[in-house]
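Q: Listed below, chain by chain, are the residues.
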Amino acid sequence: MLGHLELADVERKRYRLPSCKHIACLIVFLQTLAVLNPFRTTDASILQDTDLAGPLVFCLALGAFLLLSGKVHFGYIYGIGVMGCLGIYALLSLMAVSAVTLGTVVSVLGYCLLPMVILSGINVVLSLQGLTGFVLTGLAIAWCSLSASKLFVTALFMDHQQPLVAYPCALLYGVFALITIF
Amino acid sequence: MNFNATSGARHPAQKGSRKKRVSDTAAMSAPAYPPPYNPYASAVPGNMPPNMNMYDGRYVLPPPYTASPDYSRIHPSFPPADQGFSIPSQFLNEPLVANVAMQYGQALVGSGKQLVGQELEKYVPFSRIKYYFAVDTRYVTKKLGLLFFPFTHSDWSLRYEQDGPVQPRYEINAPDLYIPTMAYVTYVLVAGLVLGMQDRFTPEVLSIQASTALAWTVFEIIVELITMYITNIQTNLKTLDLIAYGGYKYVGIIFAVLLSILFHKTGYFIGLIYCSMSLIFFLVRTLKVQILPIGTSPSHHDPYMHNSGNKRRMYLLLFVAGIQPFLMWWLSFHLISPPVPKS
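Protein chains in written order, with the working numbering: chain A, 17 to 198; chain B, 8 to 350.
FYI, nobody ran anything at the bench for these hints, they're computed from the structure.
Every value quoted in this text rests on a predicted model; they were computed, and no experiment measured them.
It cannot be assumed that every hint is accurate.
Part of the chain A face toward chain B, derived, beta carbon under 7 Å [stated by the list, open to error]:
no. : residue
1   : A106
2   : L110
3   : M111
4   : T117
5   : T120
6   : L180
Quick look at which bits of chain A chain B covers, simulated, 3 or more residues with Cβ under 8 Å [unchecked claim]:
no. : region
7   : 167-179
8   : 186-193
DEER-style ranges, computed between Cβ atoms [claimed, not checked]:
no. : chain 1 : residue 1 : chain 2 : residue 2 : range
9   : A       : V113      : B       : M109      : 48 to 56 Å
10  : B       : H160      : A       : I39       : 55 to 63 Å
11  : A       : K87       : B       : V296      : 30 to 38 Å
12  : A       : L76       : B       : E211      : 36 to 44 Å
Cβ coordinates follow ideal geometry from the N, Cα and C atoms, glycine included.
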């Protein structure tokens, strides 16, 4: 197996390194955890390597959960995702002083989609149309947009603009929430 | 391409870097093939094949072809000093050539991107637009407060720096494009929400709302521009300023429509009337500074603003401020729900 090494040491134990496939999954998982805590202080180097595998996984997971709720909305997710990413990329490139790349925007927005995926997972078992549903939805949107805006503000060195970035992200995730609930 | 918001100060630096880049690529744009790449000739460690001497700027004749007979064929269309580059596939396999080709390609891509940016700048002035997005949270909250309650604000003048107004970040009275853009998008989404609550929602409705509102805004801007041109009024107002001032009405529309969710028709009309009044007050006060001549204006303010045509300027001001309520009503009256019949 690729990456399977045997090291002979003094106790003659075998150490097995994880395979490349496992390393990739681990990286995605660690990055997800790192980006999703909105109260943790991040540094700008977190976005040096733009990773598009995680966002793709989350979009597919969102579509899968919606499928479990009886809604086939893959086209909507793709369309809203593309338009939202383009819109936020345009806005950030106008607002930020440092250069913005589309890969960064897609990566951040995709990783911060995780609370929306969790919400759609909850939607499979509970109905979200009551008061608790609205509260949960609001919390999920707030969590998504706060972490996304925190990442953008940190990576692009924008000062005093986090709520301004959070608002369009909240609009985008609000549209995702709309297709999740209704 | 880094576009700074203070575009005026940035241009000399951009031009300088552009000059630098042009001088870098000047060596590459020599008509002869291959490009004479001086740095790479010196970077190659000693043991290089004889035909690699082509990379000097001077077209020196290579040493006798003892080691590589393959490269002895001279391509007819090349200048006579070039020899040995007639077999591209073998040629590109050389590691040095691959390096050079990649560097050349990357530099070409960079200069190509810059060229595209320059061409695009002629049609859509990105550096000008960046000025209107140089906002921060404090400015946005204060401006929204001003849009809803402008009656107590006293100083409406605009500070200028050397070539243009101060960035909106530092000057509360400067127009911005962040609030109008966000308000427009929110208006489309709130329209979708309200129609959804009345069971009148289809996805086409969103695009219909968006394009209708956009068309009316464009129409309003064009009418204002034509009016300013015909009446020969010269002001400091640019088209983007007019777009900004025209976009502030969406904030009032959103407020009125949200009120209509709770209080139906009465709530809608109360919200609409209040927002119209405050928007008219806000626009009259703001544009008075820019359209009407100030009696004791500072010398740097605008030496070209004529003092003639005061009446025309007043009419223009009232026209710009006065069409706002009508447009606000026109863009939102179809969104309100009829009052729920009491059973």
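Q: Would you pick out the hints that fail for this structure and give their numbers low to high?
A: 1, 4, 5, 9, 11, 12
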